[in-house]
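Asks: Each chain, letter by letter, is given below.
2 protein chains.
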Amino acid sequence: MNLEVLNGLLRPKSIAVVGASDSEGKIGYTVVKNLLESGYEGDIYPINPKGGEIQGLKAYASVLDVPGDIDAAAMVVPAKFIPDVARECGQKGVRGLIVIASGFSEVGRDDLETEVVEIAHEFGMRVLGPNIVGILSNSDKCNASFAPFLPLEGKAALVSQSGALLIAMDASTYIRRVGFDKMISIGNMSDVNFADMVEWLDHDENTDCISLYVEGLRDGRRFMENARNAQKPIIALKSGTSAHGAAAAASHTGSLAGSGKIYDAAFDQAGVVMASNLNNLFDRTLALSLQPPMQGENLLIITNGGGVGVLATDSAERYGIPLHFAPEEVQEELKKHMPDFGSAKNPVDLTGMAGRDWYQDSVQYAFAHEWVDGLVILYCETAMTDPMDIARGIQAAVEASGVTDKPVSVSFVGGERSEEAMRWLVENGIPAYGEPDAAVNVIAALREYARNEDMAAHPFDPFTDVDEAAAREIIKKSRAASERGLTEVESKAIFEAYGMPVARTRLSETEEQAVELAEEIGYPVVMKIVSSDILHKSDAGGVKVDLNSADEVREAFTTIISNAKAYKEDADIQGVAVQHMAPWGTEVILGSVNDPTFGPTVMFGLGGIFVEILRDVTFRIAPVSPDQAFAMLSDINGAPILEGARGETPKDRNALAQLLSRYSQMVCDLADEIQETDANPVIVYEENEGAIIVDARIILKKVEQ
Amino acid sequence: MNLEVLNGLLRPKSIAVVGASDSEGKIGYTVVKNLLESGYEGDIYPINPKGGEIQGLKAYASVLDVPGDIDAAAMVVPAKFIPDVARECGQKGVRGLIVIASGFSEVGRDDLETEVVEIAHEFGMRVLGPNIVGILSNSDKCNASFAPFLPLEGKAALVSQSGALLIAMDASTYIRRVGFDKMISIGNMSDVNFADMVEWLDHDENTDCISLYVEGLRDGRRFMENARNAQKPIIALKSGTSAHGAAAAASHTGSLAGSGKIYDAAFDQAGVVMASNLNNLFDRTLALSLQPPMQGENLLIITNGGGVGVLATDSAERYGIPLHFAPEEVQEELKKHMPDFGSAKNPVDLTGMAGRDWYQDSVQYAFAHEWVDGLVILYCETAMTDPMDIARGIQAAVEASGVTDKPVSVSFVGGERSEEAMRWLVENGIPAYGEPDAAVNVIAALREYARNEDMAAHPFDPFTDVDEAAAREIIKKSRAASERGLTEVESKAIFEAYGMPVARTRLSETEEQAVELAEEIGYPVVMKIVSSDILHKSDAGGVKVDLNSADEVREAFTTIISNAKAYKEDADIQGVAVQHMAPWGTEVILGSVNDPTFGPTVMFGLGGIFVEILRDVTFRIAPVSPDQAFAMLSDINGAPILEGARGETPKDRNALAQLLSRYSQMVCDLADEIQETDANPVIVYEENEGAIIVDARIILKKVEQ
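Top line first, the protein sequences correspond to chains X and R. With my numbering, the residue at position 479 of the first sequence is 517, and numbering never jumps. With my numbering, the residue at position 598 of the second sequence is 636, and numbering never jumps.
The reader is advised that the hints may include incorrect statements.
Stated by the list, open to error - Taking lysine-lysine and the DSSO-like style, the derived pairs with C-alpha atoms no more than 27 Å apart in a straight line are:
| no. | chain 1 | residue 1 | chain 2 | residue 2 |
| --- | --- | --- | --- | --- |
| 1 | R | 193 | R | 51 |
| 2 | R | 603 | R | 582 |
| 3 | X | 179 | X | 270 |
| 4 | X | 740 | X | 299 |
| 5 | X | 64 | R | 373 |
| 6 | R | 130 | R | 88 |
| 7 | X | 71 | X | 96 |
| 8 | X | 64 | R | 374 |
| 9 | X | 374 | R | 64 |
| 10 | R | 514 | R | 575 |
| 11 | X | 383 | R | 299 |
| 12 | X | 606 | X | 582 |
| 13 | X | 299 | R | 383 |
| 14 | R | 51 | X | 373 |
| 15 | R | 64 | R | 179 |
| 16 | R | 130 | R | 118 |
| 17 | R | 51 | R | 374 |
| 18 | R | 71 | R | 96 |
To be verified - Counterexamples of contact, computed for chain R against chain X with all Cβ distances above 10 Å:
| no. | residue |
| --- | --- |
| 19 | 184 |
| 20 | 316 |
| 21 | 504 |
| 22 | 525 |
Simulated from the structure, these hints should not be mistaken for lab results. Glycine included, each C-beta is placed from N, C-alpha and C at the ideal position.
Isolated chain X, as found in the complex (with noise of 0.2 Å):
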């Protein structure tokens, strides 16, 4: 990417804009009278054709008539004459496209919108939107938009998918004293995406903390790159997570993944932290940009109030952070600063006694000690005490600390005396909330941010083991042969390229040709129909299990082809599927989507009831490596039973992870040919014993014809 160019277009030296207006009520007349009070000290060019005066600036006919260069030129002129307009941008040297205008792809033009983009990178140009409000930046006092000011100071940045709820957001910055420098409106996406603006913001020396709202990404596999590659942290808001998914999908996989679930893995494994509504995304934005992350499990919670220190107990657990007692040194410690009645365990309760020494002192001595990984910090207001005199101790008592590498946070529950208390101590950097539930949350904000940061370290180290020449073969004579997809036969072999254990299946055409099958791969064999018209197999009669003999496969061959017949009678069957029959062990599934978005995913869960029922799967974007596949056999609530639970011998986790990793690399490489897959079911065995893949299924993306 071009970052100068970039530069050019969200935080321009000059702005055209091409539309500028004297009428009261037009946007460009809102853009111009913005970009004036927010005190902007570039250069401003109105464009319009009367040319004239406009708000006390000389007015342009066209963009070619400036004399000197033009950064960016804001658009607020129609749709249908955009193009034009860009050409003329293009001509003048301008580097980028702030495109308000509305009137594209979200009214169905998107001829018009990739015409724009066209012309714009003829010139080298990059365009933000179209349909946006437009860019807002403090630092740059620069109000290129129609919100009508710009947001309170502070150093995060938000990307907003969404122009009224950065309009709306950019209002309620004074109200939640929560500061951004830079807030940008990102529109229809059709050239400058997310991922361009995690790259650009990471460089920006104005923003310590990157907050998006997304609807939905383009171009996921960069997003995730840039997130993970950033060095600040990256909150985001996703909406739309109860979408009914996508809504036809092929295969059980493609079922279970929603639209929810991919975003989480994705996020996740890019290092990107979420927040659950608009008001969380304020308060760990606020905690983001002004706190580290939490390197360890230890946090100490210190109070002055019973009560909020057992509510934030629960939410401590609630966060996935649950409480620790501190060691007995650091309680003898803390004992020192409370009265007989206090506590020094977790949550440290120095009762309602406590004045500004109390805290400051057990707040210093708790921050710097090596036990503890991160503090919360909460205070009911009392009649006794004043929340300022708190407020002041805390911060000294943090500075005092010369901690650094710790995050702390602050919650004041009164009125107006602390509100003013927890104003002061945000602006001198500890974020501070009115409800304990969100001083823990931030804290556990910052620790999903470190442990996401860690699980980003995995880097894939592809397996070279694995035939994909031999892969794509076989997809290649499937394709050339019929339309009618993949065999389990194939299937199975494609996995079996990739290194992957399977259960032994040949295709058998004649009942000689099973029995020969049958001995060359061992009894007892399982044997199945292969039809590509017959999906329910068990349904259809199509499935013999447990068959020991010559005489039994060749039973079992004529009872499955009539069977099969007689479910459906004009069923293509390409024959009988002879395979060796696994012991029996725990039950997976493993699958894989192509998803839109990410491309290849992988899935792992419990079979059976984990899956049909209780729909217990994760997700991540592939590939992975067997580190966090491994990983990814925790995520699940059936976990235990892989572990080992109530008496059971643990399962070959390792074996498991290796099997998904390899999967995860076949999505990969071949991500230009599968749509989904299924490995259903997959059977684990004891420690070193390994897993076998006993069923599979490989959906070929469909030919554009």
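Got chain X; can you put chain R on it based on the hints?
Replies: Relative to the frame of chain X, chain R by itself:
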């Protein structure tokens, strides 16, 4: 309960402050000052041994010296003096003691606390506290507390078990703009507890919503009864849900109970809505005090911004009220009040162009439409529209619709203008929040309220075909014979006495007796060791199944006895149980614990991994009607298994519901004897095929020595 006495305590017409003082900083000073400053119109009698004058009021050496009647005495003298003062108050005819002083059970002085209550009851007085902040009431202009001022006026009443939290919440009412008529500190609950408060507040003319901060209840049954009888909405924030539960539970069921699940069940059954944190308590209190319950499932959302619309849709799903599209006719009508690019689906998107008229017309139409059960109205502040104007439109529409039996809530996202508009809305009876998620959450609260009320409306009609006497006789015999507790055979006999189907089980002491019993019961049979020293029968080789002949029974008897002796040499062996082997079906588990707060409960879950790994169980306070029991069956994640998921036949849920209901009667009738029970497994068959208890345990209460 004598409401008149509580009126004297909680809405006193005259108050003595025992321990009143003229020294600033003393609580005895603060309470008198607060009474004066709050404008209290009753008589205030400062009591101080020195007499004279305190803060301009005549002081008395003793309450006995006061000329007039005293309704309530606020006590701020040290704990050790309280019994004597209480006796004087009794002699004076005081109605209630507001014991602000601490130093009682919270520091181990349960004796002193009991003494005070005994004295009070001797004179017909009630005791609030000890260890409390006091009472605050706007309608009585009475601040008899050391909290610095009365809360923002409103129609809710807060009862708090934490004093520090009450003071902090008092102050924060002004920040959050949620008003309360009363705030009552309940402290150690030596006498007046939550059950009393709910009953009394339900009769209080100035209270529309009862809001509770609960750390733990006393007398859970009476609380539930009073809550169920209350005509007003009740909301509770319960802290301590992360507590690790009753440490050493004797049974399986006990270990599954934890502290949270039983409280959740009790609140649901009592019609009490729960809050998840402090903000949520304020948010939901506001809505419950202003709006009626939501009687159906159809929530309609009207918005001017797609972004917040989608976020609210996600919230609706999260809170259990997923959106459906409105009928065509509704959509047709709504389309008249939006531009072409708006959407009349759900959410209804009026677009950013929507001004007062569109809001007003669409709200008025939608709110009055029979399909709509509840309405959430969202607004993103724009530069072009005036939030106050929108607010007035909404209020006018709601009023003009004439609808009073459906709830509406509002969220404006924006700055100070939106805040002001929302304050106005709240003053005009419409709850409004800065966060769309909150507006949806409170509608969910109003839906939960309606659902809980429905659930509470199923009375339990005791089964008459039960033999309590026979059950008691078995327990009596067992207790007389030994301290070994009930055997499986005895336990099952008790279940049978309550009309529950059990796999017939008899105790054999010899081989021949075993054979006789097997012939009588019918083959196949299962045989199991009966010894209170051997709990894990299978591990001891003490179980043999599928025995089909006299010979097999003989051999099994010998093997079981010798295995048991090998397993534990000195085991006290009662014999070998012979039991009919029930045909296989779906395994479920029923159980009960006798909870210290709520008494007998029942639990239901699916067997195997659902309980062992996933802890997927649900509790109810016993007894439960068959209808309530039937509803329990849908409460667990594994519910589809019983309903007949994925081609399985539905199971006999009616039989299970009957069984659960009888079970609940058993544990209630015998609550004085039974501590915990398990029926595990219970096998349930296809519809109309019944269910049978295969194994059962009853653990008796320990006898007090």
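Asks: Now look at each hint and say whether the structure bears it out.
Replies: Hint check:
1. For a cut-off of 27 Å, the pair hint linking residue 193(R) to residue 51(R) stands: about 21 Å separates their Cα positions.
2. Between the alpha carbons of residue 603(R) and residue 582(R) the distance comes to roughly 16 Å, so the proposed pair stays at or under 27 Å and holds.
3. The suggested pairing of residue 179(X) with residue 270(X) holds, with an alpha-carbon distance near 23 Å, which does not exceed 27 Å.
4. Restraint check for residue 740(X) and residue 299(X): satisfied, since their Cα atoms lie roughly 24 Å apart, inside the 27 Å limit.
5. The hinted pair formed by residue 64(X) and residue 373(R) meets the criterion: a straight-line CA distance of about 26 Å does not exceed 27 Å.
6. For the given pair, residue 130(R) sits about 19 Å from residue 88(R) by alpha-carbon distance, which is consistent with the 27 Å threshold.
7. Taking the CA atoms of residue 71(X) and residue 96(X), the gap is about 14 Å. The hint holds against a cut of 27 Å.
8. The hinted pair formed by residue 64(X) and residue 374(R) meets the criterion: a straight-line CA distance of about 25 Å does not exceed 27 Å.
9. Taken as a hint, the residue 374(X) and residue 64(R) pair is honoured in the structure, with Cα atoms around 25 Å apart against an allowance of 27 Å.
10. Of the supplied pair hints, the one linking residue 514(R) and residue 575(R) holds, its CA atoms being roughly 25 Å apart against a limit of 27 Å.
11. Pair hint residue 383(X) plus residue 299(R) holds up; C-alpha atoms about 25 Å apart against a cutoff of 27 Å.
12. Restraint check for residue 606(X) and residue 582(X): satisfied, since their Cα atoms lie roughly 18 Å apart, inside the 27 Å limit.
13. Proximity of residue 299(X) to residue 383(R) is assessed by CA-CA distance (about 25 Å); at most 27 Å being required, the pair is judged to hold.
14. Pair hint residue 51(R) plus residue 373(X) does not hold up; C-alpha atoms about 44 Å apart against a cutoff of 27 Å.
15. With a C-alpha separation of about 22 Å, the suggested pairing of residue 64(R) with residue 179(R) holds against the 27 Å cut-off.
16. The suggested pairing of residue 130(R) with residue 118(R) holds, with an alpha-carbon distance near 20 Å, which does not exceed 27 Å.
17. A hinted pair counts as satisfied when its Cα atoms are at most 27 Å apart, and residue 51(R) with residue 374(R) does not qualify at roughly 58 Å.
18. Distance hint between residue 71(R) and residue 96(R) is fulfilled; the C-alpha atoms sit about 14 Å from each other, no more than 27 Å.
19. Against chain X, the non-interface label of residue 184(R) is violated: not every CB pair exceeds 10 Å, the least being about 6 Å.
20. Distance to chain X contradicts residue 316(R) as a non-interface residue, since its nearest Cβ pair spans about 5 Å, not more than 10 Å.
21. Look at residue 504(R): its CB is around 35 Å from the nearest CB on chain X, clear of 10 Å, so calling it non-interface holds up.
22. At roughly 24 Å, the least C-beta separation between residue 525(R) and chain X is larger than 10 Å, which holds for a residue marked as non-interface.
In the structure shown, a violation is registered for the earlier hints numbered 14, 17, 19 and 20, in ascending order.
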